[in-house]
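**Student:** So that you can map any letter, position 79 of the sequence shown is 79 in my numbering, and since no number is skipped, the others follow by simple counting.
Rather than coming from a laboratory, the hints here were simulated on the basis of the structure.
One should not assume that every hint holds.
[To be verified] Mimicking DSSO-like on lysine-lysine, the simulated pairs with C-alpha atoms at most 30 Å apart in a straight line are:
1. K89 / K73
2. K98 / K69
3. K94 / K113
4. K98 / K73
5. K9 / K35
6. K78 / K94
7. K78 / K89
8. K113 / K89
9. K69 / K35
10. K36 / K9
11. K91 / K78
12. K69 / K94
13. K78 / K98
14. K98 / K72
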Amino acid sequence: MPLYEYFCKHCDGVFETIRQMSASSDPAPCPVCGKKAGRIPPTSFNARTMRDGYARAIPDRGTYWHLGKEVKKRISGKVRLNEHPELTKPKPPKVLSKGERAALADRREAERKEERRRVKEGGLRYIDRTKRLPKIGD
């Protein structure tokens, strides 16, 4: 059954009532004062349409919802389960502290000195092709 709105002149109130369509234009009893109230046009309107396979409210803001949060674009491409690229930003890379940077620079300088000493003594030159940074504390 549809929902209709009524206005009571005696207590100056607006109320909603679910009634059959055949009785929609008949006066309804006011829940506050009990007197008869006349029907008025609806004060609010809610409509839905379909866009891209999803139910959309009218007017449509052009946004989507992901797990209860509003996002601007739908998911496209590979993502982790239940994550949206707009909501789960990648973690920033770890920034080394001043002491860690100094320790790493000292270690690299010691490796360069060792390499120069080895070459000076006639040993083979060691070339690290892995391009890995040495770990702090090794």
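**Student:** Could you run down the list of hints and mark each one as holding or not?
**Tutor:** These are the hints, each one checked on the structure:
1. K89 / K73: 15 Å, holds
2. K98 / K69: Judged against 30 Å, a Cα distance of about 39 Å means the pair is violated.
3. K94 / K113: Holds, at about 28 Å.
4. K98 / K73: 40 Å, violated
5. K9 / K35: Given that 30 Å is the threshold and the Cα spacing comes to 9 Å, the pair holds.
6. K78 / K94: 25 Å, holds
7. K78 / K89: Holds, because 15 Å separates the two Cα atoms, which is no more than 30 Å.
8. K113 / K89: It is violated: about 42 Å lies between the C-alpha atoms, which goes past 30 Å.
9. K69 / K35: This hinted pair is violated, its Cα atoms lying about 45 Å apart.
10. K36 / K9: Since the Cα atoms of K36 and K9 sit roughly 9 Å apart, the hinted pair holds (cutoff 30 Å).
11. K91 / K78: Roughly 18 Å between the alpha carbons, so the hint for K91 and K78 holds.
12. K69 / K94: 29 Å, holds
13. K78 / K98: 37 Å, violated
14. K98 / K72: Not satisfied, since the Cα-Cα distance of roughly 40 Å exceeds 30 Å.
In terms of the numbered hints stated before, the structure departs from hints 2, 4, 8, 9, 13, 14, listed from lowest to highest.
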